[in-house]
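Chains as they are written, first to last, in UniProt numbering: chain S, 1 to 795; chain B, 1 to 172; chain C, 1 to 296.
Just so you know, not all the hints are guaranteed correct.
Said to hold, decoys possible - Here are a few chain B residues that face chain C, going by a calculated C-beta distance under 8 angstroms:
#, residue
1, D15
2, E19
3, G20
4, S22
5, Q42
6, V57
7, C58
8, V62
9, A63
10, G65
11, A124
12, S136
13, S145
Stated by the list, open to error - Not the full set, but computed from the structure, chain B residues with beta-carbon under 8 angstroms of chain S:
#, residue
14, L31
15, G35
16, C45
17, V112
18, T118
19, D134
20, A138
21, Y154
Stated by the list, open to error - Here are the in silico distance ranges between beta carbons for each label pair:
#, chain 1, residue 1, chain 2, residue 2, range
22, C, R137, S, P441, 53 to 63 angstroms
23, S, K17, B, G32, 36 to 46 angstroms
24, B, R131, S, D423, 53 to 63 angstroms
Rather than coming from a laboratory, the hints here were simulated on the basis of the structure. The beta carbon of each residue, even a glycine, is placed where N, CA and C say it ideally should be.
So the chains spell out like this:
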Amino acid sequence: MPAKGMPTTLTQGSGTKGGIGESTLRPDGALKVTGEFAYSSDLWHEDMLWGQILRSTVAHAEIASIDASEALAVPGVYAVMTYDDLPTGVRNYGLEIRDTPVLAHGKVRHHGEPVAIVAADHPETARRAAARIRVDYRELPVVTDEASALAPDAALVHENRDDHHIARVPHPNIVHRQPVVRGDVASARERADVIVEGEYTFGMQDQAFLGPESGLAVPEEDGGVHLYVATQWLHSDLRQIAPVLGLPEDRVRMTLAGVGGAFGGREDLSMQIHACLLALRTGKPVKIVYNRFESFFGHVHRHPAKLHYEHGATADGRLTHVKARIVLDGGAYASSSPAVVGNAASLGVGPYAVDAVDVEAVALYTNNPPCGAMRGFGAVQACFAYEAQMDRLAARLGLDPVEFRQLNAMEQGTLMPTGQPVDSPAPVAELLRRVKARPMPPERQWESGEGADVRRLPGGLSNTTHGEGVVRGVGYAVGIKNVGFSEGFDDYSTARVRLEVAGGEPVAAVHTAMAEVGQGGVTVHAQIARTELGVARVTVHPADTRVGSAGSTSASRQTYVTGGAVRNACELVREKVLELGRRKLGPSHPAWAGAGLLLEGGKVVTDGGEVLADLVDVLGDEAVEAEEEWRHRPTEPFDPRTGQGDGHVQYSFAAHRAVVEVDTELGLVKVVELACAQDVGKALNPLSVTGQIQGGTAQGLGMAVMEEIVVDPRTAKVRNPSFTDYLVPTILDTPAIPVDVLELADDHAPYGLRGVGEAPTLSSTPAVLAAIRDATGLELSRTPVRPEHLTTGTG
Amino acid sequence: MRIDFTVNGRPREADDVWEGESLLYVLRERLGLPGSKNACEQGECGSCTVRLDGVPVCSCLVAAGQVQGREVVTVEGLADLAGQRSRGAVARPGEDTGLSPLQQAFLDAGAVQCGFCTPGLLVAADEMLERHPDPSDADIREALSGNLCRCTGYEKIMDAVRLAAARRAERG
Amino acid sequence: MDFLRPAGWEEALAAKAEHPAAVPIAGGTDVMVEINFDHRRPEYLMDLNRVGDLYEWEVGEDAVRLGACVPYARIMEHLRAELPGLALASHTVASPQIRNRGGVGGNLGTASPAGDAHPALLAAGAEVEAESVRGARRIPIDAFYTGVKRNALAPDELIRAVHVKKADGPQQYSKVGTRNAMVIAVCAFGLALHPETRTVRTGIGSAAPTPVRARAAEEFLNAALEEGGLWDNGKAVVPSLAQRFADLCAAACDPIDDVRGTAGYRRHAVGVMARRTLTWTWESYRGARRTTEGAA
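For reference, chain S alone in the conformation it holds in the complex:
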């Protein structure tokens, strides 16, 4: 095939045990350290064209006309397409609500919305051509916040909504509303000795994955198309792409190309349909790669939020009630806003036992950039606010903030505000105890023999302090995150496992459509196959749509759900192998007839350890294969009025202690240490587990002190779409992140495991904020905190 960078099969292991519980190394690691691993932006095909997207320069406008004639005349241009060129009547897509136009239809609703697409023989040709498309915008007023979106005369972001939420929302600029009401807040309020109210603001965070949105669409002889792309969920993409192309799903083949991080930002479509459209139009392979500027417009962000909380407690430190109103800005299109609302509402009280709760969460439609999934998904914003409230309550009560949390910590058996019992370990108090018990990092570590080492001070290399104005602060936070898809969603994964002899040894092959985005799912799948099938050598196939859906690589669910599917498929394979063995060798040994036979070390063994046969001999030249669709326990929707219902599958908990040093005069922050304790149920790969926890922690740190997409409230235009002005933490901003892993099994989950990836992103941000408050004495009700908030006390 005259193409390069196509996904390769990863084979690993020989002679290593490498089952679950071990820190086996990534099967794709060697390719990644040599530069040979093919990411979606690395793909190349003979004769390929480059696609370019023309995006709106304004946030809200009618499109009076589009003139592409000059663009088409540019030598080297093969196609220009606008809304009018779309091949079918299906011209919108969307994860939950199909409200997003493939190309703008007479109107744009946010800055950077795709208006036209171009294919040309060189990216520069495509850019020059796109620049010659004339679009006549008639600007419309923008709605950018709750006040403007819900004003009586507010412009409607979507005039003709017909989605299933519209009947229940108080205003058409509200995507979805979810109350959660439990107990009698009014009388609980009477019992409260202390009541604390607070208004909090959470900025717009970007996933900032490093591998830009990209992929290659190759037209196929049957009139279909093969798309190689970086995504989080191949089958969800497929369901949205095929109808727009007017193709049956089996003629849109999808293969996962290398993914350079995701964090929720690849759950929605980006360039997928555009590349396919251009490939089908030109009959040539088309590659699209966003640059960083475009990436900021090419994916949804974390919802910014305004949160109003009221907490009450008795003098002895028991929470009486929590009232909360959480307003999430969903931007111009729905994306996963409804599910984010469900999470914010149901997890909005945090990991605490409270009998009286009145929470309301809504997501707005505005002309701001669309927001959707990002690591922590609706639970992050709330955690920032309720943990600030917990500190303020503790201070008012004169209690230690950790002890106060422990006093109210939920545990196994506690009822959630949704009425759902927490039916597996919930070691909230223990996690807090562990981070608190850690020794403190030494003071004044910047002092070296030759003066101050500025690298260890706030400001770092910028040389702003040699110790002047620097005050240390310590803060704690803990959070709760659901694992897996909730609210009655049919959340399943498919795995195909094959066992055969190759090169004289038994080899297991695992084939799923799971998107490996860096989290290490491929490592874990191989470990599960080794454990279940007792083979050293495991091959992990590239993920594609030739096998059934593996669901999304999100919601901390892949090890749980696709891991569960792999385990079950392995069990089926094992049964078949044993059946084969009984047929072939049964008469040779009476133990074949018994139960409890295992596959270990490439052999069939009894549970007493006696070797019955070599797998090589059992299999001969036969291959044994099984495919399994596996589901976690079903969930149910939340009641639309009360929010009651068993909506979640599993909960995940993490706690942080942040130690910061703040230059109180300049408002600069150095995080000195950010310790985390998390319960993971069972660490299938301890190295990967700590890596996930540290990575999530660092993203939370970024949200605390620097990361924010700034949108101009007058124009709804993004002001900092670049890595120059959207700052993510460098290695000099990120401290030591010691991790304490608990393994308290959840009996409902495969191997007792608990989803890991998201919980550490929750508590990291509020812990850092609490530490900064401790150092400065300021209230700080907004994140990220900026230097001017610390010097003027306005944050």
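With chain S fixed as given, assemble chains B and C onto it according to the hints.
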């Protein structure tokens, strides 16, 4: 325009290069060396780091025409470079993995998740260890402060560089 | 677009004379970003990497002649004693990779108020050596910055070198950014003590349309130091004096609100940096004085 230069020890040429192309584009799209990554194209992430005449630079900020006649080392050349530095040294004693000791350390320490930042970090860290065989943590952080990683929180990257330095010290 | 590759300085000047719109490129830090992001399509790009002279420096009796393209990493490594303020500023530039490529000439050519070198050059006292086929001239740094991203260069001129006075006293440089590395200045401050002339010079970055000196603050401090005999008696700068100096430095700012910071914060931060850098340099001066006296 046409450009002749040396990449990973081999003479290479690129024809019909547009004058505005970066070295990064030429490596990735014309020479089939996509190991250097295109995460920001504005010098803010370090994922495209290569050595230009021995010095780590962001290849996205080097105009293709500027490398005429010069020497470039990319992540694809790191194993060879390590081999030249210490003839016969392999990543792990007794095992020839085709990886440089630093590449092996990144794997062993779990410093690779999505891996998009990895090539740039490897080139930068490799050069730092060449100058600084026994770096302090602050030295490592300073040397790698131009390389963003979004997955790991950097802890295991620190571990990897420490591990590579320690293994080298052991070997003597 | 055409790519010009002059092999030497004379050739570069001739090319620039022939194509005044040609954009010189050395480290590429500014130019390549503009090209990569489609913000700029110059008709001609002129590569200066081949002009070896631009990568050299000479340490003279009173001043350093610093080639326009000497990378920041070399300044940090080799000129810390002669140009301490500029060496500190160099260390705050972007990332190690950028410091390996970028030089002062690029900062001056772009003339962004956020360029890291400017406050150090203003404080140390520098002259920009500009040249065209018409001839060479030296532009005092105070006259170099003419507007937001505008400088005193004529269209046919190129920057050949910067002449920076060798430090005759302590110099300091601070920069505020919202990240501990790889960050564009929210604002920056450079300060140099010149015991030989008994003067103090300052430079402020990112807090006005151009890099500026805090002249009123300098005059105030010069007078106060003189009046108190501080250059001779080596007494400490009292807090009220430092604060007055800081306030005057803050008052010299004419900042804007932007995505990197507010005008109010910039003014405030410049004041804090002014006070701290004055303390650091003055204490260093006193320390050096004591050492000298002790030896004598």
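Hint check results:
1. Because the closest C-beta pair between D15/B and chain C is about 14 angstroms apart, greater than 8 angstroms, the hint is violated.
2. Of the supplied interface hints, the one on E19/B holds, with its beta-carbon coming within about 4 angstroms of a beta-carbon of chain C, less than 8 angstroms.
3. Checking G20/B against chain C: minimum C-beta separation of about 5 angstroms stays under 8 angstroms; hint holds.
4. Because the beta carbon of S22/B sits about 6 angstroms from the nearest beta carbon in chain C, less than 8 angstroms, this interface hint is met.
5. Interface hint status for Q42/B: upheld, as the beta-carbon distance to the closest one in chain C is roughly 4 angstroms, under 8 angstroms.
6. For V57/B, the interface hint holds, since its Cβ comes within 8 angstroms of a Cβ in chain C; the closest pair sits about 5 angstroms apart.
7. Nearest Cβ of chain C to the Cβ of C58/B: about 5 angstroms, under the 8 angstroms cut. The hint holds.
8. With 8 angstroms as the threshold, the beta carbon of V62/B comes within range of chain C, its nearest partner Cβ sitting at about 6 angstroms, so the hint holds.
9. The interface hint given for A63/B is met, as the beta carbon of that residue sits about 6 angstroms from the closest beta carbon of chain C, less than 8 angstroms.
10. Given the 8 angstroms rule on beta carbons, the hint for G65/B holds: about 4 angstroms separates it from the nearest Cβ of chain C.
11. Interface restraint check: A124/B against chain C, minimum CB-CB distance 7 angstroms, threshold 8 angstroms, status holds.
12. Proximity of S136/B to chain C is violated relative to the hint, the smallest CB-CB distance being about 16 angstroms (cut-off 8 angstroms).
13. Interface restraint check: S145/B against chain C, minimum CB-CB distance 4 angstroms, threshold 8 angstroms, status holds.
14. A least Cβ separation of about 11 angstroms between L31/B and chain S goes past the 8 angstroms threshold, and the interface hint is therefore violated.
15. About 2 angstroms separates the beta-carbon of G35/B from the nearest beta-carbon of chain S, less than 8 angstroms, and the hint is met.
16. Taking 8 angstroms as the C-beta cut-off, the interface hint given for C45/B holds, the closest approach to chain S being about 6 angstroms.
17. This hint holds: V112/B has a C-beta 5 angstroms from the nearest C-beta of chain S, less than the 8 angstroms allowed.
18. Using the Cβ-Cβ criterion of 8 angstroms, the hint placing T118/B at the interface with chain S is satisfied: the shortest such distance is roughly 5 angstroms.
19. Given hint, D134/B at the interface with chain S, is violated; its Cβ is 16 angstroms from that chain's nearest Cβ, farther than 8 angstroms.
20. Residue-level restraint check for A138/B holds (minimum Cβ-Cβ distance to chain S is 5 angstroms; threshold 8 angstroms).
21. Given the 8 angstroms rule on beta carbons, the hint for Y154/B holds: about 4 angstroms separates it from the nearest Cβ of chain S.
22. With their beta carbons about 55 angstroms apart, R137/C and P441/S fall inside the hinted range of 53 to 63 angstroms.
23. Between K17/S and G32/B the beta carbons are some 38 angstroms apart, a value that agrees with the proposed interval 36 to 46 angstroms.
24. Between R131/B and D423/S, the C-beta spacing of about 56 angstroms keeps the proposed range 53 to 63 angstroms intact.
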